[in-house]
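Peer 1: Protein chains in written order, with our numbering: chain A, 1 to 242; chain B, 1 to 242; chain C, 1 to 242; chain D, 1 to 242; chain E, 1 to 242; chain F, 1 to 242.
Some clues are possibly wrong.
Identical copies go unnamed one by one, so any copy, or any two together, can satisfy a pair.
In silico lysine-lysine, DSBU-like type, Cα no more than 35 Å apart, as pairs [unchecked claim]:
#	residue 1	residue 2
1	K98	K81
2	K238	K228
3	K25	K81
4	K115	K238
5	K228	K81
6	K81	K115
7	K115	K46
8	K115	K228
9	K46	K98
10	K81	K238
11	K46	K25
12	K81	K46
13	K115	K25
14	K10	K98
These aren't lab readings, by the way, just hints derived from the structure by calculation.
Protein chains: 6
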Amino acid sequence: MPLKAETRDKLMGVSTATLCTALFKRGLRNQFIQDVHPVNAQRDPKTPNMVGEAFTLRYIPAREDLNPITVFQDRAHPQRKAVETCPPGAVFVIDSRKDPRAASAGSILVTRLMKRGVAGIVTDGGFRDSPEIAQLAIPAYHHRPSAPTNLTLHQALDIDVPIGCGDVAVWPGDVVVGDGEGVVVIPAAIADEIAAEAVEMTAFEDFVTEKVNQGRSILGLYPPTDDKSRDEFAAWRKERGR
Amino acid sequence: MPLKAETRDKLMGVSTATLCTALFKRGLRNQFIQDVHPVNAQRDPKTPNMVGEAFTLRYIPAREDLNPITVFQDRAHPQRKAVETCPPGAVFVIDSRKDPRAASAGSILVTRLMKRGVAGIVTDGGFRDSPEIAQLAIPAYHHRPSAPTNLTLHQALDIDVPIGCGDVAVWPGDVVVGDGEGVVVIPAAIADEIAAEAVEMTAFEDFVTEKVNQGRSILGLYPPTDDKSRDEFAAWRKERGR
Amino acid sequence: MPLKAETRDKLMGVSTATLCTALFKRGLRNQFIQDVHPVNAQRDPKTPNMVGEAFTLRYIPAREDLNPITVFQDRAHPQRKAVETCPPGAVFVIDSRKDPRAASAGSILVTRLMKRGVAGIVTDGGFRDSPEIAQLAIPAYHHRPSAPTNLTLHQALDIDVPIGCGDVAVWPGDVVVGDGEGVVVIPAAIADEIAAEAVEMTAFEDFVTEKVNQGRSILGLYPPTDDKSRDEFAAWRKERGR
Amino acid sequence: MPLKAETRDKLMGVSTATLCTALFKRGLRNQFIQDVHPVNAQRDPKTPNMVGEAFTLRYIPAREDLNPITVFQDRAHPQRKAVETCPPGAVFVIDSRKDPRAASAGSILVTRLMKRGVAGIVTDGGFRDSPEIAQLAIPAYHHRPSAPTNLTLHQALDIDVPIGCGDVAVWPGDVVVGDGEGVVVIPAAIADEIAAEAVEMTAFEDFVTEKVNQGRSILGLYPPTDDKSRDEFAAWRKERGR
Amino acid sequence: MPLKAETRDKLMGVSTATLCTALFKRGLRNQFIQDVHPVNAQRDPKTPNMVGEAFTLRYIPAREDLNPITVFQDRAHPQRKAVETCPPGAVFVIDSRKDPRAASAGSILVTRLMKRGVAGIVTDGGFRDSPEIAQLAIPAYHHRPSAPTNLTLHQALDIDVPIGCGDVAVWPGDVVVGDGEGVVVIPAAIADEIAAEAVEMTAFEDFVTEKVNQGRSILGLYPPTDDKSRDEFAAWRKERGR
Amino acid sequence: MPLKAETRDKLMGVSTATLCTALFKRGLRNQFIQDVHPVNAQRDPKTPNMVGEAFTLRYIPAREDLNPITVFQDRAHPQRKAVETCPPGAVFVIDSRKDPRAASAGSILVTRLMKRGVAGIVTDGGFRDSPEIAQLAIPAYHHRPSAPTNLTLHQALDIDVPIGCGDVAVWPGDVVVGDGEGVVVIPAAIADEIAAEAVEMTAFEDFVTEKVNQGRSILGLYPPTDDKSRDEFAAWRKERGR
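Chain A extracted, bound-state conformation (with noise of 0.2 Å):
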């Protein structure tokens, strides 16, 4: 059930807020990855949502005599070749255990993921080349900058099976949605549901917006508990053709 083009156009331009709570009303409280934050803090408000499906790599603690400098001549080494199979379109997200102390990952793996076409990068560890990776054009999530290489402390190991990241099982396939706030994973099975859902509600929240800046009380409006909020509504959508 590769995720569909017009799912994914929808999601480009809905907030990760949005999608939280379409998520809540369905039961699911836990898909806001904790404590990830975009590696760009100057990121332009007006980029689009990072969107893709999730292609997942799951480290360990390094053991130090696996993980020598020289593990990476092996081709095969589950970093590098997460790097060069990851779909385009998908996003690359790694669990890191929570554990910044040493890096995901570097610019120059960061830099081979945008050019193969992928999404985006998330990771609740930290990047390390930072400074470089908030200058390059894919987006990239995570904790906080971490300099040390990889191996001081994370042995990559396995490719594409389901991971923690920020406490959130993230399952392969699964879309994620990334903005300035942070990144959200949304089932694979209800993602087209919840983009319809989340595009409806984001309609709402522009007009409630657009009245609260006019002077307006919330109350009868947000929710709009008043028939008048929902006419008005009614009539701002076919005005805006939203």
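Guided by the hints, dock chains B, C, D, E and F onto chain A, whose structure is given.
Peer 2: This is chains B, C, D, E and F only, laid out in the frame that chain A set:
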């Protein structure tokens, strides 16, 4: 004992660091809200301070059965009611138990506060829609962005009661001041004297900074244990009319 | 064994990430100061690195009776004395026991260090007046902003002794390097060889980045297990004169 | 809706683990007070549970000028008043904001609660005089021992209001149950049904434990997906009269 | 390469501290599972060690829709299957992502492991029914008690794959040793030599302890830089037959 | 100003909680070492307190090349030297930077301290061989057990300098008192008066406890705002000869 316009003006132009020192001299060592930051990280350092009397909202942990999405249909829901009743010129301070895993509020409520003339908003949790909030013309302070709806973890309970925020006691009516560094809470009863003293200290710090930039040692100057330093400062004040 | 001008120059232009890898190869896995960041978040990524020999200041917890505001009237107070005696070109490193709840120093002291030609300042606590410090022409690194005066929680004790900073051992004379990512500590005895190796590694990384940006796979290139990659790099170096 | 004697009796003999499962089945996932332990680590595992309705006390951070040692001379001080008004049979629950750096209460107050017939005491901070409290004939639960007087960091404020304790919502009248593992909070409205269900579950768990101790596999037994398991359990109950 | 009976016997009688030193000498600095403790705090210090090869279970965060209480009706559920397939003599090690807010397992499963001859159980989360587990004749190690069912936060996923536990890499077949202090993980390939060396070291430590108890200084004795110390130890060994 | 035998005796019989209150009355709010516990959890509550003057040892983070296992062959290694020079009757206090991931010391060194007549040992890290230490006739306090050798993370550096331990300033010669609850640090200059006051307070607390056990309310009794309470206490003291 409402906040005097004159005191408000003074507090607009002094730093939270200077205020903390003035409070420290009176034995108040714990008035700086810990680990709370401006939502707008690109904030212009010349922006005037957020200043206002504390108007508080208390959250407790949310219990699932008491917090379906429908609770906001109640016009008396404390979060919504607080937003509509916070006095213009006040600072809206939320006790989120230092838990940023779900939002304390989002951009629509913060916009409404802005339109109502509220001076600023502070939480020891996180805001959702934080990229939008960062662009609003109202100062907002939190721990970190948080997309999940506040019902996920927070239940609004009490309006304008004494609370804790970032390990600081906040009593309704305390004077809350925020700059680019963070937020300090001044007990209402001493706001005038603290403001006056901080203005004096700021003049001296500006003088010292000027001298240090001219190459002067801090010894004897900061603090001014040399007579010469005190004389120079007196002359400097006269010259600047401060 | 003072820091050679040539070594300083080399260290100006390599990243902390590259330095960490060079240290890792020598069995030094723990030289990156954890969770310490540039005060100036809008720092231009092209700014040259902070480089200098460590000059240290050790804080212990403050006891209330020993730390009234008047202690700074003593010209021999270790914090003030350290600021006046730190050698030009050195990096001033403070052991704040990873406690950012009160300030390690403020803008006047940092300005004085700048005027004295000190190369930078690092604490594993927080600075006060951080918005002002962010604008100064001296690199400063901390955990987070902290307005309370340092007397609130810190007592300056020892000057230029071995300390811990962000879980890293810092020995006086170690070479401290900071970039947009953070701060790394290089043992004095190997600073020259680490600098030389990092320059070599940087040339190779620049080559790899260029190739990856041209669409090349990392396999066989990074690390250069293919002969072709090694040959191309040799040609690239000759061409660039690196 | 006071706690029925029959419900209290049932809750005396079931575990907090079983109660958590019964609550989980009703969508209540967050009723176990996190990181709170019996003060008496040598507690006999056969001790009956602590059971009673929640009577709460809310602390906020202490401000130095409001909390000299003399505040306790006021008979209406909320901490002292709460101790004298907590109903016999209730559980006294304190919101200490998960801060154990100063005490929530000490042995004299806990002794007084014991003499007044209170069923137990819980804080998400720490008790002082904890070695004495461990010897008292009243169950007490905290995070860890803490000798500093509560005025150091806590100010008692509200009596019998909804609070948070260890990340759990505690509403006055909720039924609080503690065993050797910790403390669970049952919403008042469902206490009877939860108690009844837990008694049933406990009978089944006792049956399963007996069978497992006899060498039986858990497959088909726990849960009892095999008809045989269900039949055996029915026979076991009849035999034991449970 | 199954664990030799002789090696198992040796590991029964040496401490985790001694094993950590033997591992440290080989460059393995990170083999002690952090912050994991015997469930039975009253454990007799003379109890023989837990020793066995690691058999692992990996948890990821639970998603609500995938983890209703009914999942255990599936005989192939990885948690239940793992309990029934863990080899006798092995140590069952669970990766709970250091999250003790919900249980890793409870007394029925631990009893079943005990009956199946499993050597012990370790989690970096918490057990429920911990007072019962403390009484069982099988060693169990966790971070702290945790009553909520594991479905609340954990989803069992993989059986006998490499995992992290308490920041340590655990590979299936590694030799896991637990004493009253905690748990250490020995890479399978060096278990024999580490065991042999630890037995030697233990003899020496017993000798030193005896001497120190007789009033001897540690200088020259520990380590035995004096010839006399080495001679005495040789005599002591001969005398004791060790 | 050595510790008077009389003061030592007084401090043997009062609680750390009472001492904290006496210190609080003098404005010293931060003298209780945070999160440090008796190694011997089964400690008899009637054991007399640990009392002695602080003799300190300072650790910094270990750098791998400076801390091979061979460093202990140096008789002047600060850890070993400190153990041999700590005065009998003193309390050995280690600044482990609150890092228990590797040991601060083990049973052989603690045994040596015991034999040398040292009054106790405290670290804000962890001890290895903790089950053995728990059985020794010397009080020992730490955060939690930790088997890895201290060279893994700690380098002993300074002997008998001012340090931080569990967020408390410890100056050589300060009087350190430990009971079943934890450890408090009394500035040397006020040890006599604090001891005297604590003895008085303890008499009163014993009186209050007796009355409360007889059923008396705490109001008017604790503190003794009623004349009657004060009279009764005077009579009680006379009767008991206290």
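Peer 1: Please go over all the hints and tell whether each is borne out by the structure.
Peer 2: Comparing the hints with the structure gives:
no., hint, result
1, K98 to K81, "both (22 Å within a copy, 28 Å between copies)"
2, K238 to K228, "within (15 Å within a copy, 62 Å between copies)"
3, K25 to K81, "between (38 Å within a copy, 23 Å between copies)"
4, K115 to K238, "between (41 Å within a copy, 27 Å between copies)"
5, K228 to K81, "between (58 Å within a copy, 20 Å between copies)"
6, K81 to K115, "within (15 Å within a copy, 43 Å between copies)"
7, K115 to K46, "both (23 Å within a copy, 23 Å between copies)"
8, K115 to K228, "between (51 Å within a copy, 21 Å between copies)"
9, K46 to K98, "both (29 Å within a copy, 30 Å between copies)"
10, K81 to K238, "between (50 Å within a copy, 31 Å between copies)"
11, K46 to K25, "within (27 Å within a copy, 42 Å between copies)"
12, K81 to K46, "both (33 Å within a copy, 32 Å between copies)"
13, K115 to K25, "between (38 Å within a copy, 29 Å between copies)"
14, K10 to K98, "both (30 Å within a copy, 34 Å between copies)"
Checked against the numbered hints given earlier, the structure satisfies every one of them.
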